[in-house]
Amino acid sequence: MKGLTQHALFWPATTLVLLLIVCASFNPSFLSLAWRDGHLYGNLVDILNRAAPLMVVSLGMTLVIAVRGLDISVGAVVAIAATVAALMIGGSFSASGNATSEHPLWLALGAALAVAAACGLWNGLLVVKAGMQPIVATLILMVAGRGIAQLLTGGQIITVYYPPFFALGNGYWLGVPVALWIALALWGMLHLALARTALGLFIRAIGGNPEAARVAGIRAASLTLCVYTFCSLAAGVAGLIISSNVKSADANNAGQLLELDAILAVTLGGTALTGGKFSLAGTVIGALIIQTLTSMIYSLGVPPEVNLVVKAALVFAVMLLQSPEFRGLVLRVARGAHS
Amino acid sequence: MNWRMNRRLLPLSITILLFISMAAFGAIRYDGFLSPQVFLNLLIDNAFLCVVAVGMTFVILSGGIDLSVGALIALTTMISAALLDAGWNPYVAMALVLVLGAAFGALQGLLIQQFQLAPFIVTLAGMFLARGCCYLISTESIPINDATYAAIAQARIPVGFDSSLTVGALIALAVVLAGMRVAHATEFGRTVYAIGGGESSARLMGLSVASTKVGVYLLSGFCSALGGVVMTFYMLSGYSLHAVGLELDAIAAVVIGGTLLSGGVGYVAGTLFGVLILGIIQTLIAFDGTLSSWWTKIVVGVLLLLFCLLQRLFEARTRKAA
Numbered sequence: 001m002k003g004l005t006q007h008a009l010f011w012p013a014t015t016l017v018l019l020l021i022v023c024a025s026f027n028p029s030f031l032s033l034a035w036r037d038g039h040l041y042g043n044l045v046d047i048l049n050r051a052a053p054l055m056v057v058s059l060g061m062t063l064v065i066a067v068r069g070l071d072i073s074v075g076a077v078v079a080i081a082a083t084v085a086a087l088m089i090g091g092s093f094s095a096s097g098n099a100t101s102e103h104p105l106w107l108a109l110g111a112a113l114a115v116a117a118a119c120g121l122w123n124g125l126l127v128v129k130a131g132m133q134p135i136v137a138t139l140i141l142m143v144a145g146r147g148i149a150q151l152l153t154g155g156q157i158i159t160v161y162y163p164p165f166f167a168l169g170n171g172y173w174l175g176v177p178v179a180l181w182i183a184l185a186l187w188g189m190l191h192l193a194l195a196r197t198a199l200g201l202f203i204r205a206i207g208g209n210p211e212a213a214r215v216a217g218i219r220a221a222s223l224t225l226c227v228y229t230f231c232s233l234a235a236g237v238a239g240l241i242i243s244s245n246v247k248s249a250d251a252n253n254a255g256q257l258l259e260l261d262a263i264l265a266v267t268l269g270g271t272a273l274t275g276g277k278f279s280l281a282g283t284v285i286g287a288l289i290i291q292t293l294t295s296m297i298y299s300l301g302v303p304p305e306v307n308l309v310v311k312a313a314l315v316f317a318v319m320l321l322q323s324p325e326f327r328g329l330v331l332r333v334a335r336g337a338h339s
Numbered sequence: 340m341n342w343r344m345n346r347r348l349l350p351l352s353i354t355i356l357l358f359i360s361m362a363a364f365g366a367i368r369y370d371g372f373l374s375p376q377v378f379l380n381l382l383i384d385n386a387f388l389c390v391v392a393v394g395m396t397f398v399i400l401s402g403g404i405d406l407s408v409g410a411l412i413a414l415t416t417m418i419s420a421a422l423l424d425a426g427w428n429p430y431v432a433m434a435l436v437l438v439l440g441a442a443f444g445a446l447q448g449l450l451i452q453q454f455q456l457a458p459f460i461v462t463l464a465g466m467f468l469a470r471g472c473c474y475l476i477s478t479e480s481i482p483i484n485d486a487t488y489a490a491i492a493q494a495r496i497p498v499g500f501d502s503s504l505t506v507g508a509l510i511a512l513a514v515v516l517a518g519m520r521v522a523h524a525t526e527f528g529r530t531v532y533a534i535g536g537g538e539s540s541a542r543l544m545g546l547s548v549a550s551t552k553v554g555v556y557l558l559s560g561f562c563s564a565l566g567g568v569v570m571t572f573y574m575l576s577g578y579s580l581h582a583v584g585l586e587l588d589a590i591a592a593v594v595i596g597g598t599l600l601s602g603g604v605g606y607v608a609g610t611l612f613g614v615l616i617l618g619i620i621q622t623l624i625a626f627d628g629t630l631s632s633w634w635t636k637i638v639v640g641v642l643l644l645l646f647c648l649l650q651r652l653f654e655a656r657t658r659k660a661a
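Protein chains in written order, with this note's numbering: chain A, 1 to 339; chain B, 340 to 661.
Simulated from the structure, these hints should not be mistaken for lab results. Everything numeric in this text was worked out from a predicted model, so none of it was measured. Backbone N, C-alpha and C fix where the C-beta goes; we use that ideal spot for every residue, glycine too. Take the hints with a grain of salt, since some may be wrong.
As the list claims (entries may be wrong) - Beta-carbon label-pair distances, calculated as ranges: (1) Val22(A) to Gln376(B): 54 to 62 angstroms; (2) Leu18(A) to Ile476(B): 28 to 36 angstroms; (3) Tyr298(A) to Thr629(B): 41 to 49 angstroms; (4) Asn209(A) to Thr629(B): 46 to 54 angstroms; (5) Leu257(A) to Leu645(B): 41 to 49 angstroms; (6) Leu257(A) to Asp370(B): 37 to 45 angstroms; (7) Ala24(A) to Leu512(B): 56 to 64 angstroms; (8) Leu257(A) to Ala490(B): 51 to 59 angstroms; (9) Arg219(A) to Ser352(B): 33 to 41 angstroms; (10) Pro303(A) to Phe626(B): 42 to 50 angstroms; (11) Ala193(A) to Glu479(B): 23 to 31 angstroms; (12) Gly154(A) to Phe500(B): 34 to 42 angstroms.
Stated by the list, open to error - Reference excerpt, derived from the structure (chain A facing chain B, CB under 8 angstroms, subset only): (13) His7; (14) Ile140; (15) Leu273; (16) Gly276; (17) Ser323.
Bound conformation, chain A alone (with noise of 0.2 angstroms):
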């Protein structure tokens, strides 16, 4: 039992299996399932296609915070994203009912990952070159990136017409929704390159103490590099899910806060935001508490307005959980009670 506690991930699964539980007791029809126009439907469906995309930034994020850094420009990563996706695939429907894109889909996307790519290595660059701290190097591109995708799209919101790239945020593939599977191949390519390689080892190295780490051997400069690239071609990858759900672009809006709540779920997950220690099981159950409690919100009837406070409630208690000296403190308080 006690081995159980101190599983990293006991506190981030119970949370959430009690959050399901909250939902459950409300709503008994929560966690059904059903099979419904050639795939699965329900409540927990749903809550895991709309986490996707927030599961598919903090992956990357993960990884950031790993090696001591933080990345707070994702939400404009995004919006650059879908504002280069939807410029390129732009697309119209023909008399004959037949969609035609700009580009080719694939170059579009392509070239939209690319960008994020380049956000990354920008970023990347910024941290390992110019030694400027993680938080003040991605606050540029966080403020300067939303303008860019404003100017890219004059402001306007981009509206796509061409369907092969919806299925990307509302497709299904064997009856589970096509961002889920995404966000599952990233979380599987991450785990194999990090379990199965020295990646991981490199990477809790460069976290516990990155002078040590060079010290010993590892390219700490290229590997950060790669890290904070990786973060933001994630962020890509979201920006498309995004835009392909809601059809456009919306470079004004698209990410918005999403850094702050990519950041929550890797600490809900029990990553250490001071570096070294990480679990990418957790983040995706720290985005998934963060999307059930959303969806809870809404599902049990209470004013969504609440949302935010129930949210602020909840970091912190986490984080409280999280704190040696708040545990002692109440280990303190207990002990006292009982003597």
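Fit chain B to the known structure of chain A by using the hints.
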């Protein structure tokens, strides 16, 4: 010694120089730019930002960060509007929101200090909480019809040359002056610099690190509430979507003002010029008339980049010299 002083003042002088050259550029390029009122408007339109940025300067000097300021401003406007709506005395309402703001900040500071939590996450949760409380009060904008508030909002204090300031702008100037005094001539100010320079050394020197750290966030919460009061004068309404993203503007103003985000180095006076530079960018874009508002973001981003690179250069030089 003299040479060293100059060196420490270098980022501040660059900020001031940048402001002057931007003003000169505007004066040459656009008719009517070089009038006293245009410059006073910089202060009038950014008074709340200025007040908040002074509080943020102390937080950043101590090596922390406060993301809750924008949401706290919105909450202040909301509470003020709701209280006035309920028929409270305006001065009592003002005093109450200021106390609430300070208490909110102090609570965040206590969490950060007592439980060794990351300021980023604590104030992020504080931001959610403050915005959420706004929505709990009302999701709609609440107009303010109170006679005292309207009178203060419309008051113009003449300063000569056919130009005038608002009460909000005067408050902002007073906060900057008070901030400079606190930073450079009190024990609290010196301790803030010492914590930013190195927390454990500050503790070993016997400085009251714990209470100062809580005090810094208390101050920032108070400044946010005061900024909220100034914004209430400016907008004459309470709205949960007031000041969205203002925390970023405040951080940008502090950084452009020459304060190092790693803490320990910077001047409150620099922050005033940081705010003025953000303001003059918007004024230049407004005077131009053909540029869209998103250019503000891009220019601010570029300035942030330049200043951070400059700071790195400055730090590297200092390290070599030492």
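At the C-beta level, are Tyr298(A) and Thr629(B) separated by a distance inside 41 to 49 angstroms?
holds (44 angstroms)
Given the hint of 42 to 50 angstroms, is the C-beta distance from Pro303(A) to Phe626(B) inside that range or not?
Given about 44 angstroms between the Cβ atoms, the range holds.
I want to verify a distance hint. Is the separation of the beta carbons of Val22(A) and Gln376(B) within 54 to 62 angstroms?
Holds - the Cβ-Cβ distance for Val22(A) and Gln376(B), about 58 angstroms, lies within 54 to 62 angstroms.
Would you settle whether the hint for Leu273(A) is holds or violated, based on the nearest Cβ-Cβ distance to chain B being less than 8 angstroms?
holds (5 angstroms)
May I ask you to test the interface hint for Ile140(A) with respect to chain B, counting a Cβ-Cβ separation under 8 angstroms as satisfied?
holds (5 angstroms)
Determine whether the Cβ-Cβ distance between Gly154(A) and Phe500(B) falls within the hinted range of 34 to 42 angstroms.
holds (40 angstroms)
Can the suggested window of 28 to 36 angstroms be confirmed for the beta-carbon pair Leu18(A) and Ile476(B)?
holds (29 angstroms)
His7(A) was flagged as interface toward chain B. Is the shortest Cβ-Cβ separation under 8 angstroms?
Where the cut-off is 8 angstroms and the nearest Cβ of chain B is about 23 angstroms from His7(A), the hint is violated.
Interface hint outcome for Gly276(A) [beta carbon to chain B under 8 angstroms]:
Check failed: Cβ of Gly276(A) comes no nearer than 14 angstroms to chain B, outside 8 angstroms.
Is the gap between the beta carbons of Ala24(A) and Leu512(B) within 56 to 64 angstroms?
For Leu512(B) against Ala24(A), whose Cβ atoms are near 58 angstroms apart, the range 56 to 64 angstroms holds.
Does the Cβ distance between Asn209(A) and Thr629(B) fall inside 46 to 54 angstroms?
holds (52 angstroms)
Should the hint that Arg219(A) and Ser352(B) are 33 to 41 angstroms apart at their CB atoms be regarded as holding?
holds (39 angstroms)
In summary, the numbered hints that this structure violates are 5, 8, 11, 13, 16.
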